[in-house]
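Residue-level listing of the chains:
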Amino acid sequence: MARAVSTRRTAVFTIAAWIVALIIFFPILYTIVTSFKSETEAIKGFNLIPSGTVESYAAVQAQSNYFKFFLNSVVISVGSTLLALALAIPAAWSMAFSPTRRTKDILMWMLSTKMMPAVAVLVPIYLIFRDTGLLDTRFGLTVMLTLINLPIVVWMLYTYFREIPGEILEAARMDGAGLLQEIVHVLTPMAVPGIASTLLLNIILAWNESFWTIRLTTTNAAPLTAFIASFSSPQGLFWAKLSAASTLAIAPILIMGWFSQKQLVRGLTFGAVK
Amino acid sequence: MATENTRGLARLMLAPSVGLLLIWMIVPLAMTLWFSFQNYNLLNPGNVSWTGLFNYKFFYTDPAFFQSIWNTLLIVGGVLLITVVGGIAIALLLDQPMWGQGIVRIMIISPFFVMPPVAALVWKNMIMHPGYGVLADINRALGFQPIDWFAQFPLLSIVIIVAWQWLPFATLILLTALQSLDGEQKEAAEMDGAGFVSRFIYLTLPHLSRSITVVILIQTIFLLGVYAEILVTTNGGPGYASTNLPFLIYRTALLGYDVGGASAGGIIAVILANIVALFLMRAVGKNLDK
Numbered sequence: 037m038a039r040a041v042s043t044r045r046t047a048v049f050t051i052a053a054w055i056v057a058l059i060i061f062f063p064i065l066y067t068i069v070t071s072f073k074s075e076t077e078a079i080k081g082f083n084l085i086p087s088g089t090v091e092s093y094a095a096v097q098a099q100s101n102y103f104k105f106f107l108n109s110v111v112i113s114v115g116s117t118l119l120a121l122a123l124a125i126p127a128a129w130s131m132a133f134s135p136t137r138r139t140k141d142i143l144m145w146m147l148s149t150k151m152m153p154a155v156a157v158l159v160p161i162y163l164i165f166r167d168t169g170l171l172d173t174r175f176g177l178t179v180m181l182t183l184i185n186l187p188i189v190v191w192m193l194y195t196y197f198r199e200i201p202g203e204i205l206e207a208a209r210m211d212g213a214g215l216l217q218e219i220v221h222v223l224t225p226m227a228v229p230g231i232a233s234t235l236l237l238n239i240i241l242a243w244n245e246s247f248w249t250i251r252l253t254t255t256n257a258a259p260l261t262a263f264i265a266s267f268s269s270p271q272g273l274f275w276a277k278l279s280a281a282s283t284l285a286i287a288p289i290l291i292m293g294w295f296s297q298k299q300l301v302r303g304l305t306f307g308a309v310k
Numbered sequence: 009m010a011t012e013n014t015r016g017l018a019r020l021m022l023a024p025s026v027g028l029l030l031i032w033m034i035v036p037l038a039m040t041l042w043f044s045f046q047n048y049n050l051l052n053p054g055n056v057s058w059t060g061l062f063n064y065k066f067f068y069t070d071p072a073f074f075q076s077i078w079n080t081l082l083i084v085g086g087v088l089l090i091t092v093v094g095g096i097a098i099a100l101l102l103d104q105p106m107w108g109q110g111i112v113r114i115m116i117i118s119p120f121f122v123m124p125p126v127a128a129l130v131w132k133n134m135i136m137h138p139g140y141g142v143l144a145d146i147n148r149a150l151g152f153q154p155i156d157w158f159a160q161f162p163l164l165s166i167v168i169i170v171a172w173q174w175l176p177f178a179t180l181i182l183l184t185a186l187q188s189l190d191g192e193q194k195e196a197a198e199m200d201g202a203g204f205v206s207r208f209i210y211l212t213l214p215h216l217s218r219s220i221t222v223v224i225l226i227q228t229i230f231l232l233g234v235y236a237e238i239l240v241t242t243n244g245g246p247g248y249a250s251t252n253l254p255f256l257i258y259r260t261a262l263l264g265y266d267v268g269g270a271s272a273g274g275i276i277a278v279i280l281a282n283i284v285a286l287f288l289m290r291a292v293g294k295n296l297d298k
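Listed in order, the protein sequences are those of chains B and V.
Be aware that the first sequence starts at 37, since it is given in the working numbering, and climbs by one per residue.
Be aware that the second sequence starts at 9, since it is given in the working numbering, and climbs by one per residue.
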């Protein structure tokens, strides 16, 4: 910047930005605040200072075994992400480093599978799951989420791998490195940051997926999305309990999300915006 | 240079992903297409017969069908309007010098990481509830009657909730694009005496156009499929007032047990999504050639 920015201007922008940010963040903030209230306190009208009780958290765990749903969410989102990575790393590697003239078509085709509306295949998937006993199993849901996120994972990895300079590979080959050594000693260390951010983004997407996780589960394999959705029918005084359940459901992902802001843009635009 | 050997291996490494996605794409879609021509009700599974285009006709003549298409378009259009205009405004603001920018950014992107059922239920119960919601508290404090959002404005309420979830996405992408704008160009324009408005129209907006396109297309794909937000708030009602196409298909399939009818609806949803997809693929494909 050629000229100094005046303090007054900065102050004006700061105030405006903070007001906007607080309004947007308010529903989350108020949920966290309410989770530390008692049920009677929660419906007493607007109040940003809770009594600090954790009884709602205890009640959610005691009444509906909250931890089970949490564990299901962890197993399904982490499991489907690892499975998708195992499939996608070799695929993205081969397309980035041994491209053929069909590589672009394959990439575009993979992207196009993402465009299929989930609801269009609800009936067949439901029937297949019912007939094969996969309904309400963690395994079934893990496979499902692997499939729907696989295109994004391949794409993200591909855009990262493509940035690894080819000259380094040439040099390694000159030194007589075999393909396996090339992958293990040269590519992997350079690819780790890309793989890590892909992993993070995909866990977020899988954790929040709210169509298949709700429709294909009932009790055993139900993750947090399905559990929270069960609060849609009012059940007496449940404001504080809903807040506690919601806070626990979004906290881990919120924190992961803050760390992956930059990758988010890249991952969700399929590398179109960096 | 890749040898024949590595080339074969490369193909082998690609095969599992391609194979799985091929199955995932073809099998269920073929089944949907097949079911859409069948008279198939889950309550009477022994009696399945070919009905030709009857399901499509039935779906097409159902008054709920046109309302659901209209609602789908209203949700997509409404959310796009709010998120793109709001996203540009907030991105411009975030691009200015300020204190605590990191925290401001974190607060603004947070809604994107909130799972849809939580987002919808928090808005429904904590914010928009006519008895205990914050908006009702504000209304009462100002001496107005609280609004029963989901009874009086069901579709608008859903648009607001979904827009809240997607505003961070639009903001983040537009901000990323904004930050790549050449500072010298901006300064040159300022030197030439271009005011904020003309700078915005002739310099910033053209620079953002590509990102705006990407935001619109990607959001449209997700917005065409809004489901959980409706399920946990209005359940499609009152009547069909907030039923969009995915929700109508879900109702037909899992509440009406009508496999044939739901499949015909599914095929219509695929056609709708494909029209959008065509444009998106073109935009993304262009980037690949660079």
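I should point out that these hints are in silico values taken from the structure, not numbers from a laboratory.
The beta-carbon is built from N, C-alpha and C at its ideal position, and this holds for glycine as well.
Treat the hints with care, as some may be off.
[Stated by the list, open to error] Away from chain V, derived, C-beta distances all over 12 Å, residues of chain B:
1) Ser87
2) Ser100
3) Val114
4) Gly115
5) Arg138
6) Gly169
[What the hints assert, rightly or not] Derived pair list, reagent style DSSO-like, types lysine-lysine, alpha-carbon separation capped at 30 Å:
7) B:Lys150 to V:Lys65
8) V:Lys194 to B:Lys298
9) B:Lys140 to B:Lys150
10) B:Lys298 to B:Lys140
11) B:Lys80 to B:Lys298
**Request:** Determine which of the earlier numbered hints do not hold for this structure and return their numbers in increasing order.
**Result:** 5 and 11
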